[in-house]
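Order-wise, the sequence lines are chains H, C, D and V. So in the UniProt record's numbering, spot 274 of the first sequence is number 274, and the numbers just go up one at a time. So in the UniProt record's numbering, spot 113 of the second sequence is number 113, and the numbers just go up one at a time. So in the UniProt record's numbering, spot 361 of the third sequence is number 361, and the numbers just go up one at a time. So in the UniProt record's numbering, spot 134 of the fourth sequence is number 134, and the numbers just go up one at a time.
Just so you know, these hints were derived from the structure itself, not from any lab. A hint or two may mislead.
Identical copies carry no separate label here, and so any pair may be met within one copy or between two of them.
To be verified - DSBU-like mimics (lysine-lysine), calculated; alpha carbons at most 35 Å apart, straight line: (1) Lys382 <-> Lys328; (2) Lys100 <-> Lys264; (3) Lys100 <-> Lys4; (4) Lys100 <-> Lys61; (5) Lys61 <-> Lys290; (6) Lys58 <-> Lys382; (7) Lys163 <-> Lys215; (8) Lys163 <-> Lys58; (9) Lys290 <-> Lys100; (10) Lys382 <-> Lys163.
There are 4 protein chains.
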Amino acid sequence: MELKQAFDIVRQRSVSICAPLQTEDYVVQPVVDVSPPKWHLGHTTWFFETFVLQPNLKDYKVFNPEYNFVFNSYYESVGARVIRTDRGNLSRPGVADVYKYRTYVDEQMTLLLAQDISPELHALITLGLNHEEQHQELLITDIKYILGHNPLFPAYQEDYSFKERSITSSDFIRMLAGIYEIGHTGNGFCFDNELNRHKVYLEEYSISNVLVTNKEYLEFMQAGGYTDFRHWHAEGWDWVKTNQVRSPLYWHEVDGQWMNYTLKGLQLIAPNQPLAHISYYEAAAYASWKGLRLPTENEWEAAAPQLAWGERWEWTESAYLPYPGFVKAPGAIGEYNGKFMVSQMVLRGGSVATPPGHSRITYRNFFHPPLRWQYTGIRLAK
Amino acid sequence: MELKQAFDIVRQRSVSICAPLQTEDYVVQPVVDVSPPKWHLGHTTWFFETFVLQPNLKDYKVFNPEYNFVFNSYYESVGARVIRTDRGNLSRPGVADVYKYRTYVDEQMTLLLAQDISPELHALITLGLNHEEQHQELLITDIKYILGHNPLFPAYQEDYSFKERSITSSDFIRMLAGIYEIGHTGNGFCFDNELNRHKVYLEEYSISNVLVTNKEYLEFMQAGGYTDFRHWHAEGWDWVKTNQVRSPLYWHEVDGQWMNYTLKGLQLIAPNQPLAHISYYEAAAYASWKGLRLPTENEWEAAAPQLAWGERWEWTESAYLPYPGFVKAPGAIGEYNGKFMVSQMVLRGGSVATPPGHSRITYRNFFHPPLRWQYTGIRLAK
Amino acid sequence: MELKQAFDIVRQRSVSICAPLQTEDYVVQPVVDVSPPKWHLGHTTWFFETFVLQPNLKDYKVFNPEYNFVFNSYYESVGARVIRTDRGNLSRPGVADVYKYRTYVDEQMTLLLAQDISPELHALITLGLNHEEQHQELLITDIKYILGHNPLFPAYQEDYSFKERSITSSDFIRMLAGIYEIGHTGNGFCFDNELNRHKVYLEEYSISNVLVTNKEYLEFMQAGGYTDFRHWHAEGWDWVKTNQVRSPLYWHEVDGQWMNYTLKGLQLIAPNQPLAHISYYEAAAYASWKGLRLPTENEWEAAAPQLAWGERWEWTESAYLPYPGFVKAPGAIGEYNGKFMVSQMVLRGGSVATPPGHSRITYRNFFHPPLRWQYTGIRLAK
Amino acid sequence: MELKQAFDIVRQRSVSICAPLQTEDYVVQPVVDVSPPKWHLGHTTWFFETFVLQPNLKDYKVFNPEYNFVFNSYYESVGARVIRTDRGNLSRPGVADVYKYRTYVDEQMTLLLAQDISPELHALITLGLNHEEQHQELLITDIKYILGHNPLFPAYQEDYSFKERSITSSDFIRMLAGIYEIGHTGNGFCFDNELNRHKVYLEEYSISNVLVTNKEYLEFMQAGGYTDFRHWHAEGWDWVKTNQVRSPLYWHEVDGQWMNYTLKGLQLIAPNQPLAHISYYEAAAYASWKGLRLPTENEWEAAAPQLAWGERWEWTESAYLPYPGFVKAPGAIGEYNGKFMVSQMVLRGGSVATPPGHSRITYRNFFHPPLRWQYTGIRLAK
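Okay, chain H solo, but in the shape it has when bound (with noise of 0.2 Å):
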């Protein structure tokens, strides 16, 4: 694809997703994990006007210098920038301008879109696309944080429902000990912390076909799983009662009936549906209740092309870390993903949220083990 058609397409799905808001659902921040959804639409522009328009088209003008206070996420090297706790509190800009800013982004890249793009500014625009990717992701969980935790329960869309496949049977496929080749390869788009391809060794191991479903999980909570700390991380252990944890996010006991919150409202549980919004903790206390365990994100790696994946962010048992050989790139791009490389789980696969094609088999996203707000949930291995 043309990159001026990648970058039309990507924009407008931002601006897509969130057809279905009222302009006070663009501005509030519950907690401070979720941004507020007009935070996002600034930030992914912000990040265009900032690295690719300011060094690389002639005499571009910055729509507003008090912006970058505003909607600079957390490149240290880019200036001041409003501590991350403090986007729910900011009235303005207001939503109308937001829009504006893109407008008038969108447009300066397209006069420099016409022009000749270096590879090296071609990967630099590639990048944002994905960067903005992921925030089209992080908006849909957001923006059902925001209204799964309103008392009134608002849904997103009457009618909308993600593609979800019953899960009725499940079965264990053998992987071979051996070395395996592990990172990106080829000449499409990668981040850096899936590079470089490198070899590991495995020992035999097995891994399941399916996702656990609502209803595996829900015999989990039936048998006492969050009251017994035999199966927990010690820090899950006090997450769960400092917490007083009883269910996956969303969850709510109604009359005696499990529902829970999804983006057209409060429904029933699906039982053949995959379970989400677990977090690590909770991932591998199920695990551990079932005398299995989660695999290694090397294992998930090399068993990928035998799995079907894509409808959740599966936790794995490996902690974010660099490659070996491992290089961040130069300037403030390299802070995109090295200086996160401490204290978080390795999330694989990707989610009924993940922008299509945004994904791949290496790809390493990864969050803090409480965290639960994304499609998360479990694949098991022994």
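Given the structure of chain H, go ahead and fit chains C, D and V onto it with the hints provided.
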């Protein structure tokens, strides 16, 4: 004035105050003491719905039963409430829905007001109007906080200004020792905390006929007032150090000049205007630095007929405590004042943001010592 | 009594209070308001060293210059201090060293007291003795806290008991409206906060001739006092819920019976003894539940000549504020009282832990509303 | 060595480590990660009483049933425990009682060890001894923390010193790519986390033959290492700013010279000694500044036979995770290691405070990234 007319005027004023806002400004809560403007609009409406319409208008149908959960403030008798820090996390009900709610309740109130109104109901509605007037002042100060803490410093209205006199001279009024009567008398409306009228004995004292100005306070700052613990209460000194306070709220030193954020944006300090936005700690420290003190609320009330007041809420040296013979009203309305009578200081007078006619010389406002987002000022005594 | 004799008696009493302790008991600080006993012993000594000996005894040699850093409490004028929460982290100076410090300072004081003592110095030493007496009361209550919060519930002394009368009947004393004089008079010692004597006008009131008993308070508990918000100040209700308070401090329900920790260990509640260890919130809630109120400090003082008092510090409905004409002493000694005159409530009377002769009817004790590790009780008024 | 002899040696070493302490030093807990020395003495004793004597010595009588409440650390299976932050609030049981407890349990263990010991029991006692050796290292580092954070900077022993070599040259050892075997093998004792031995594939790498010295780290400091975010993980950078870190723990700049607190008191920095007391964040930032990296734990173990190690625990770039085929032991002993396998980093080697013979090349130590009160150091790789 007719009750119906009073009702219409008060209800309209809340709407007028919000007229210059963008939708986004209605939603955010940058700090726990500030509420989102749409919450004020909904809560004052909920007051009429819950305490006036439900018990008194036949066949009254509640607008939305879930709104009680959202718009109750602190009336423990009336069911679960959204905890206060969560108000800024709620994008729904949206601003348009809140205005619909207001319209609906106003229509129903119109029906009720067309009927015979018992003296008790008249008193209750009058309380609701005075309650709404209190929230009108909060609307102004909360809007100022929301816009004044935005990095873009947007104006509320470009040409907005309060009528404020220049203070260029001052004098002390001498009051003789003796017995004075304190508390409300007469048939007009008052809050329960102003009752009952009782005698106090005051020693001889003097009280300033004007408020402290910005210029005078700047002298305190330039004399090192914020760095000399001797003028401060112990907890005030902790407050200064913990929060690194070095000026009143909304003051910013820009290129060596002191400016303050006002409702028309960032402005140069007006030297002869009364100082605003200081905490009790700052008021007391300033008085100590001058070798003077703040008046008690009794001293203030005794002298009030000889004072020009109403431009700033004036911190007194009195804690907020019940008057002799204080009795709180029965039921939920009884939660109005009495339960706050600990750990707060009394402020007397009124401010530029107080609705006209709302305050009186027996009026007892109260806030916690560190709070300063109201228009608070200093009057000295000795 | 001679000053030298008073000095010896007071200094010895601190040592006697600590005699039953193990070395380890001198060291810990289980909560910020409690100080390690060795700190009290050192701090009271540091007071004499710093304010009496250094300025007044020729060639006085400081025992250890680093002790100022350890034993200063809150006198900002006298240099850096160990922040208060850190006191329990300091194993050194050890207990033996602190006793050496006391001996050294006592010897030097003996030299000084053998000289001519000016009236000013006499007053200063008397202040130091009253200061040490205040810390003697804290020593007892802090030791009780340290031992009473240990899972082994060790006794301070197996056979320790205070003299406390049984309360089996009660009555209200009626006081007429009129002008009363409040504040200290005469030549005896008093703190600056008791001055100056001034007139107040009191409305007619009645005040109980006895304190509330354990049995009476148990009725409040059994009537659901801790679960009915209507009796509580808003911040008191938050305190109950946040801390899950359901009884006075040191009360434990063991096998269906209420016991309390006393200095001789866990004991059955004595029904007719005066209630102790309740917060201001609990005192006010109890009074509200009875349909009565707490007296103001002025009411208490006016009635005091007709009351038996001294078994419990009695919460009043008065905030701790300066009297008319209050002037704080110059220099570091001036930090003694005035700087605490915000956000605290006055207690009157004295307790079983107060050194004999220390209190008087003009004495103003003060604590923050939630604190209850002192021997605090309730006297009702109406 | 005979088990009885090993038991006697290990138990005596704990006592010897505490010999230089004053009673007060046994009691305090200045920070949550540090435990009072008397707690270590009691807890290691409780381990033998609970897991060895109670199930295995006929008619064994528990020393004091309440000690379980005090000396359990984190074994959820064995009943309620004093929450960790409370350890420093407990003056009782006193030091003498803790030593009586040790003597009693040692006597009972002597009775048991005179009987036939099954292989399972032998393994359990050996685990208890290795457990106590781990606490011996903590005893030293906790005592250092307690004394080194006292404003008087008392020495542990005036003439105490570890044997440490001067490092004056360094080289990199080149390791070839290939399959290596990782994990414990043979009949000796190991922890469950070292099992089971398994193959890994390593790419070619080089590893330094020495640790980073104080002098080298000082160069990093002087080059602005603590003020340049580019070398730091994002959460490391937050840690630096929040805690205002500007040097390793125990370093103090005195009159322009860097000194550090050692067990013999404040000393000038020894330039050629290995750096100690740095967090994982600092280790990683230093490596980044040098353009190098930390080794993984597999790289470390593969190279270990060619390394001199044992003077510092060496941070690796590996998170603490289970080995392939890891199985945790049944029962409470199973809580030993597995439940900590999240959010911690592996350290390899051993330190000057590690009991002789305790560590080995397969040994996996682990701590959270910000912790630095252990003797932690840096070995570089590339």
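Results for each hint:
no. : hint              : verdict
1   : Lys382 <-> Lys328 : both (34 Å within a copy, 15 Å between copies)
2   : Lys100 <-> Lys264 : both (30 Å within a copy, 24 Å between copies)
3   : Lys100 <-> Lys4   : within (20 Å within a copy, 45 Å between copies)
4   : Lys100 <-> Lys61  : within (14 Å within a copy, 43 Å between copies)
5   : Lys61 <-> Lys290  : neither (59 Å within a copy, 39 Å between copies)
6   : Lys58 <-> Lys382  : neither (57 Å within a copy, 41 Å between copies)
7   : Lys163 <-> Lys215 : within (18 Å within a copy, 61 Å between copies)
8   : Lys163 <-> Lys58  : neither (45 Å within a copy, 50 Å between copies)
9   : Lys290 <-> Lys100 : neither (53 Å within a copy, 45 Å between copies)
10  : Lys382 <-> Lys163 : within (29 Å within a copy, 46 Å between copies)
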